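Engineer: Please model the complete structure; the sequences and the hints are all you need to start from.
Chains as they are written, first to last, in my numbering: chain P, 2 to 417; chain F, 61 to 362; chain C, 870 to 1093.
Just so you know, these hints were derived from the structure itself, not from any lab. Remember, predicted model here, so these are calculated numbers, not experimental data. Where is the CB? At the ideal position from N, CA and C, for every residue including glycine. Some clues are possibly wrong.
[To be verified] Here's a subset of chain C near chain P, in silico, CB distances under 10 Å, partners left out: (1) Leu918; (2) Asp924; (3) Asn967; (4) Leu969; (5) Met1037; (6) Gly1082.
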Amino acid sequence: MKQLYYITLTLLAIVLLSWLLPWLVSLCFPQNNSDPFVGYSPVNDRFIVSIPTPTGVNNDIEFVIHDVDPSTGEFDNRYTTEQRDSLLPEIFANVLSSQGNMPDSIKGVEMSMMNIRRNRWMFSSLPRNINRDIPEIYPLMESMPARFDLENPKVALYMPGHVEVIDMESNCIDSAKTKRFGKMFADRGFKFPAREAVANVTTRKAYDNGYLLIDANNDLYHLKMQVNRPSMSRIDRQADITPRHVFVLENGDRAHYGIVTTEEGRTFAIARDDNYSLIELDSIKFDPEKQRMSILKGLFVWTVKVSDDEKIVWTALNNDDCSYITSYTYVYPANKLDGITSWIFPFSIHFTTSTDMFVYPRLSHYSWHSIFINTILCLILFILIKKRNQKCLLPKILVTLCFGIFAFIPLVLIKR
Amino acid sequence: MLNNQEPVISVKNLTQRYGKGRIIYQDLSFDVPKGRILGLLGKNGTGKTTTINILMGYLKPQAGECRIFGESITEMRPETRARIALLIEGHVQYAFMTIEQIERFYSHFYPKWNKDAYYELMHKLHVSPNQHISTMSCGQRSQVALGLILAQNADLLVLDDFSLGLDPGYRRLFVEYLQEYAKAEDKTVFMTSHIIQDLERLIDDCIIMDYGRILTQTSVRDLMRDFARYTFTFDGDNLPDLSENESGIINPSLIKNEVELYTFKSREYVDKVLAENGIKATNLERRDMSLEDAFIGLTGKY
Amino acid sequence: MYRALLYKEWLKTRRVFYAAIIISVIMAVYAILNMNSVIETFGVGSLWLNMIQKDVSMVSILTYLPLITGLAMGIAQMTPEMSHKRLKLTLHLPYPTNKLVLLMLATGLLQLLVIFAVQLLIIVIYDAQIIPAHLVSRVVLTTLPWYVAGFCAYMFAAAVCLEGTWFMRIIISLLGCGVLLILFKRDDAMAAYNSMLILFPVLFIIPTILSLGSIYRFKEGLQD
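Structural biologist: Here's what the structure looks like:
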């Protein structure tokens, strides 16, 4: 029991230290990685990059602004803030309008505030919104409300292996609706269980596009409830597309039903036409489970930003067909702290990450750099054990060699 | 299984230190035969409670072996533990229990439980059966602890400093009850106390400890017979150190003109030592001694 | 004999048990009244949406209650054993040491189980009236780490109390805090610990070993 007691104490200390020590170090030495501000200029058809740079005075920051040469991907001309505002008239429309510097049109497109607002929408996706426990209860809004204003849903779908419609008020199954929905799902060939069902259930939108679903056969479906009746369509897809995640768009331009990403990392917009045409976002490589995405659609282009912990890629796509125009890649500078800690800590444990909402232990890669410090710690421990006349020399040395400082601390502190 | 000749407690070559420092004792060996009452006497800090802790398995000795009822104390079976009654220093008991609750609790553990013995003593205390032990005085708590020991009807009683915090009345009550019980039931008792006078009528044997060693290990009767206190009048200014060179003279002291010394030796021997040291002793006399006097004589006043 | 031991443990913990069960019920009822008020004001649909989209369990007021209950139970049960080294009395009882310690821990855990079960039952019964079983199970899965934290806090408090040296008490306390920190790492999401459910038994085994080890250390004389 004594042996088990000391082994348990030491192992628990190793686990907790390998979690808390690296966390404490990162807390003491925070890394300030501000993303650059990037926009596509319809004026010179280049990306304009504003990089926040410390001035060295009172923690002030100034923006160093360049454009990017599309042929090389390198910085080219440097601009002042005012010049940048003019180069990005959609983004800085308020500033330009207030100064009276807003052009009437660019490339024949009217540059009025109203036109800009009407044709602009944003979309964003975070991995943590996908990597979480998503309940299999899907509240369903009425897409054609009697009084036009959208109302909170009154029914919800439950799709364990079939579809059930639950009346939210009574928390009971609505048999009539269940029958109707069940028939609709069967008629459309929907294969349970659903792999994903996504909607934006909120009344703070202009209209409702209902749900986009992926069934067990990886087929895409569009479901709405109109006047209390289901309306469901199967979205045709090419055989080489395997949908992985869907996102519903309910933008002011009413041009798209949503976005679909595939197992292969491709991204498509689902056009709001009768055929549910899939328009590929050219050159976009996106994994929603690991990467963040934002799309800013403007008068001229879609600016697609895909980022992860290593880099950010901005891509400008043609408004008409989402074809590729140009891109800019910003690679985050190497984290100096990671370099240092890899020498001190052999590994680390994280219970949470920024990319999901789950808690469980995740082990980092083993850092072989740490062997050097581990060996020194082994020597110190060897001397201490000999001096204290303690037992179990070899196991303690081996454990310290593997687990480094995480084992050294408890083995020194916990004396028998 | 313990036969009748085997001691109830057998301690062999026990060595214990404070950490890695001062020796409490080295190679301590003693036996407590069945039916005897042994008192472990010593000044504060000489290791009395340490010895009890070792015997009860609450302290692993650095060396040596202790057996109780023939079983090693490190592997003592619960059945053997049931034969031992333990009084912890300060009469500690489950203070959150009432008189009635604590009796009911312990009764489940001991097959020879004697409820009447407990309540007989409790009736003398004038406390309600529902009174919590935490609300009792130290004296009352000592009687609860004693009552539980008597009710347990154990073969061996281990009592750690039973007199701590008790006024003379309660001490006397405790001693009388214990004496009557132990003798009548042929119980073996191992006890410590720092108030020696209580033990004089109670214990059969004693071990007197000093810091780091045992001064004597004998029966009380032999101690009182063989150990003597002598006094005489001394005219000189400086008394030679009579306890030097293993002379057998213990703790000689001079107060004004009166010299007091202790020894296990005979009167003739004392005369001889005094003569050898050129001391002219007037009115040399052997004085009557209590156990406490003998204890002071052996251990010194300081 | 085990009944007598259970009786002793009950005498020490009954006040905390009664207080905890009353407070737990009051807090559960308070959480229910809160949900009721949301339903009255915004409709039951709003409550569903909160749970499904915003990961609001509607019982977050109960988050730290099991932890506090566990700590109180551990302290109430084990402190009397350690004051004046009363543990010596317990260890002197003619009962196997391991069984004795496990029985003590089981008594506390059982009482906590009753307290937590009553609270959870109140929530589940109410929730089952207003949300589907699938969502109710998500609420239960969300509260599970809180209750595990309660058990864990109890067991670590017991291990700390049963330990005889202050230094090791501090070490075990720090380790206990570390373990508890894990269980409150993500309180902004529902059912976030689903992947860790399999590890929860370990959180019971570790402090049990520490408690038994502390007793062995006590018996070796490792006490301040």
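Engineer: Hints first: check each against the structure and report whether it holds.
Structural biologist: Comparing the hints with the structure gives:
no.	hint	verdict
1	Leu918	holds (6 Å)
2	Asp924	holds (7 Å)
3	Asn967	holds (8 Å)
4	Leu969	violated (13 Å)
5	Met1037	holds (8 Å)
6	Gly1082	holds (3 Å)
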